[in-house]
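Peer 1: Start from chain A and add chain B according to the hints.
Just so you know, the protein sequences line up as chains A and B, in that order. For the first sequence, the residue numbers in numbering that gives the first Met the number 0 are 0 to 278. For the second sequence, the residue numbers in numbering that gives the first Met the number 0 are 0 to 350.
These are computed hints drawn from the structure, not numbers from a lab. Just so it is clear, CB atoms sit at the ideal spot from N, CA and C, and this is done for glycine as well. Treat the hints with caution; some may be incorrect.
As the list claims (entries may be wrong) - Here are the simulated BS3-like cross-link-like pairs (lysine-lysine), alpha carbons at most 30 Å apart as the crow flies:
#, chain 1, residue 1, chain 2, residue 2
1, B, Lys219, B, Lys293
2, A, Lys61, B, Lys305
3, B, Lys56, A, Lys61
4, B, Lys293, B, Lys196
5, B, Lys293, B, Lys34
6, B, Lys143, B, Lys219
7, B, Lys48, A, Lys61
8, B, Lys48, B, Lys61
9, B, Lys143, B, Lys34
Said to hold, decoys possible - Listing some non-contacts, in silico: residues in chain A with all C-beta distances to chain B over 10 Å:
#, residue
10, Pro9
11, Val44
12, Phe48
13, Leu166
14, Leu254
15, Glu267
16, Ile270
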Amino acid sequence: MRTAKLNREPRWLKPTLMTVALTFLAVFIFLPVYTIFHEALAAGVFAYFGYFRDPEIFSAIKLTLLTALICVPVNTFFGVLTAWCVTKFEFRGKNVLITMIEIPFAISPVIAGLLFIFLFGSFGWVGSWLIEHNLKIVFAVPGIVLATAFVTFPFVARELIPLMQELGKDDEEAAMTLGAGGLQTFFRVTLPNIKWGLLYGVILTNARAIGEFGAVAVVSGLIRGVTTTMPLYIEILYNEYMFSAAFAVASLLTLLALVTLTVKAILERFIAAQRKIKN
Amino acid sequence: MRMQFLGRATLFALAAVVGFGSWATGSARAGEEFKLLNVSYDPTRELYKEFNEVFAKYYREKTGNTVTITQSHAGSTAQANAVIQGNEADVLTLALAYDIDEVVNKTKANGKQLLPENWQSRLPKNSAPYTSTIVFLVRVGNPKNIKDWNDLTRSDVKTITPDPKTSGGARWNYLAAWAYALANNGNDDAKAREFVKQIYANVPVLDSGARGATNTFVQKGQGDVLLAWENEAYLSINDVAKGKVEIVVPSLSIRAEPTVTWVDKNVERHGTTEVAKEYLNYLYSKEGQRIAGKNYYRPSDPEVGKEFTDTLPELKLVTIDDDFGGWAKAYARHFADGAEFDQIITELHKK
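Isolated chain A, as found in the complex (with noise of 0.2 Å):
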């Protein structure tokens, strides 16, 4: 795979561009995620696992993996969902859905947050009813689930829009023909076609229900044990001095990231790959 030297670039370009770029990095993305774990086992690696046997952190842990355990399948079917309702379907108003779809993104996540406190909050249009039944959303476990659903919504969809509609309907049209029904053709036909920028969707939907701080923190209360995530209560850990712990917790969080973000690749070259018997 040598390339032919047709380019008139001086030689001590490349080498120099490198340097800068892999110095960036060095410092800015792999010197932070060393210290994480160097922190983290300052205190040994005793100490280290002694972190997750507290049952607050363990009940940060439980909580974390409980949102996204919600929120990945929600989204995944919606947003499948929506993505097919969109490419599939000529209907008035499209365009704005597509763009109403972005809104998740394109707000802070404090503004998700206080939105949910203003509609389920004990000011809030549907919250005062909520809470003389004895219901509660946010400050409680659910509304943490619903802020996570609501920044991680776009993910799916975002990924699947542009692949559908590159691909179009013939397959399926010529499925209904054949005499397919609609499921049938979804299982057969689409999902096929979609399951690895679906699979895509879902990985980053995952990464950041696990990650999400802003939406939660306004949504939380902070009630320790009960509605605190990780990324929360590394800041509390932080802020209470308990650094050593407070890394262990970010350890685990970047090692979850880190598997998530293994996983994406393989699947990028998968994808790949499968472009290349395609064409």
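Peer 2: Here is chain B on its own, set in the frame of chain A:
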């Protein structure tokens, strides 16, 4: 195959939703098991962690019932606001009575008043089971030789204090400086204002809360002196900054009265009225008072107070009620939008 997968996925999602539902409603279970939510401010975490355990044990021995107490900590004003917006605190243990008054006023305006106006008279000592005061934290060896409030007006002394607009602790700092200036200038208000203005001229950064300010001083090494809650100052010298900082007690300071109350509407709804009252009353018991003292809060019981004079020495303390006419008045005069503090900051920025 795919249909099978879908079926399994649906089942799984259903199970998750059902499991989650039963978890969410679990708190409503009746019986001899009580849950209390204590919504408090930043620096009380260590105090209540210890107190909760002792109280749970005491309560079980006395009544045979179990009680689990969950805690929430953030800036005092932010916590009051969360309760106004619907965080269902059973008990509120905040930095100052004004924040609890705000809960009364804001929820009253909404037609859903959570607790009565006279809440502060329901428990002994103005509902302040422990008090605290403001002291100085300086670098070890006191290199700038800071002894009292007047040293803070020196141009070579940089003071770290949080923003009184957002931090309860910062308001106490500001008023303590004002009180000192009044006492040393024959109660001349104009001179007191000039004195306070000179201090804020040397404040490099206004953090939003007491913990943030402590981090700025201790971790980031900014400034020469930190105005701190007495208990925060002890936490610094005993733990995070051992051997790096020391406490200086000024000649005069202010008596900060963190106040506590149960939130009537919430405890009625949760069926926790009795246990919430018992919890707060236990703060006044000898044992509760000792836990406060051990965590560097000044016990309101003078007898228990005597046990802690080594760490919490007596000093001249002014009070918000006697010297500033109560919180409502002090707040309107100094901290409301466009009031004294805003004016001082604007004047300083113009320079």
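Peer 1: None of the hints should be skipped; say for each whether it holds.
Peer 2: Each hint, compared with the structure:
1. B:Lys219 x B:Lys293: 28 Å, holds
2. A:Lys61 x B:Lys305: 45 Å, violated
3. B:Lys56 x A:Lys61: Since the Cα atoms of lysine 56 (chain B) and lysine 61 (chain A) sit roughly 27 Å apart, the hinted pair holds (cutoff 30 Å).
4. B:Lys293 x B:Lys196: Violated, at about 36 Å.
5. B:Lys293 x B:Lys34: 26 Å, holds
6. B:Lys143 x B:Lys219: Holds, at about 18 Å.
7. B:Lys48 x A:Lys61: Status holds; Cα separation ~22 Å.
8. B:Lys48 x B:Lys61: Holds: lysine 48 (chain B) and lysine 61 (chain B) sit about 20 Å apart, inside 30 Å.
9. B:Lys143 x B:Lys34: 50 Å, violated
10. Pro9: 44 Å, holds
11. Val44: 23 Å, holds
12. Phe48: 22 Å, holds
13. Leu166: Per Cβ check, leucine 166 (chain A) is outside 10 Å of chain B; nearest 19 Å; holds.
14. Leu254: 23 Å, holds
15. Glu267: Per Cβ check, glutamate 267 (chain A) is outside 10 Å of chain B; nearest 23 Å; holds.
16. Ile270: Non-interface label on isoleucine 270 (chain A) holds, nearest chain B Cβ at 20 Å vs cutoff 10 Å.
Of the numbered hints listed earlier, those contradicted by the structure are 2, 4, 9.
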